[in-house]
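Go ahead and model the full structure; you've got the sequences and the hints to work with.
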Amino acid sequence: MDIEIKKSVKPINYIEAINLLETRLLQIHEKKEKELIWTLSHDEIFTAGTSYNEKEIVDKSIKIINTNRGGKITYHGPGQLICYFVIDLRNKKDLRKFITSIEKTIIQTLQFFGIETFSDKDNIGIWHKENNEINKVAAIGIRVRKWIAYHGFAININNNLEQYKKIIPCGITDKGVTNLEKINNQDYSSLEGILVENFILNLKT
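Numbering (my numbering), first residue to last: 4 to 208.
No false leads were slipped in.
With a straight-line Cα cutoff of 25 Å, these simulated BS3-like cross-link-like pairs (lysine-lysine) come out:
#, residue 1, residue 2
1, K100, K34
2, K124, K58
3, K9, K34
4, K107, K37
5, K9, K207
6, K9, K149
7, K37, K9
Simulated from the structure, these hints should not be mistaken for lab results.
Here's what the structure looks like:
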């Protein structure tokens with residue numbers, strides 16, 4: 004499996020990032036380029052997936068960017084680690100297995116930091132339970148074209164949780180949103196590298 008690992012230190016414009024993913028998808032389809040795993044962050048932005056509802060916008064003054072990934076409305080901003088990818092599924096054609104590999108990657112990575120999380124078949128994403136409260140700590144949004152999967156997932160590290168009050172995150176009203184700093188305030192500087200390693204290993208299995 005030949006995958007390019009790309010890491011951006013400065014925040015990347017959302018539209019430019021998606022354009023790059025879509026260009027890479029076509030190149031991979033034509034066997035002209037490697038698959039891609041790309042870690043980055045965005046400046047503050049609200050994005051809406053293909054199944055969002057306008058009722059999920061609480062603060063009507065915010066600007067929503069429509070995107071072609073699956074899912075509903077979410078927030079991106081500083082302090083959130085985003086992992087985009089363009090992965091060729093044409094040999095396996097098993098989307099469920101691919102999603103499971105993403106969930107497993109995030110759960111394993113957070114276990115390294117002593118944080119227990121879980122997936123939910125009814126609500127995509129990775130969740131943390133504390134004092135009988137269930138909060139999302141990582142969001143997943145995927146699109147598949149020509150059996151090539153792209154877009155990605157985002158882990159909340161120390162981002163501004165107040166911004167989620169402006170929307171109904173992912174359309175879910177009975178659960179909240181948290182970040183790693185709130186769960187356990189420790190050094191997460193090695194998380195990015197561990198995450199990418201785990202992702203590559205899980206893609207191979």
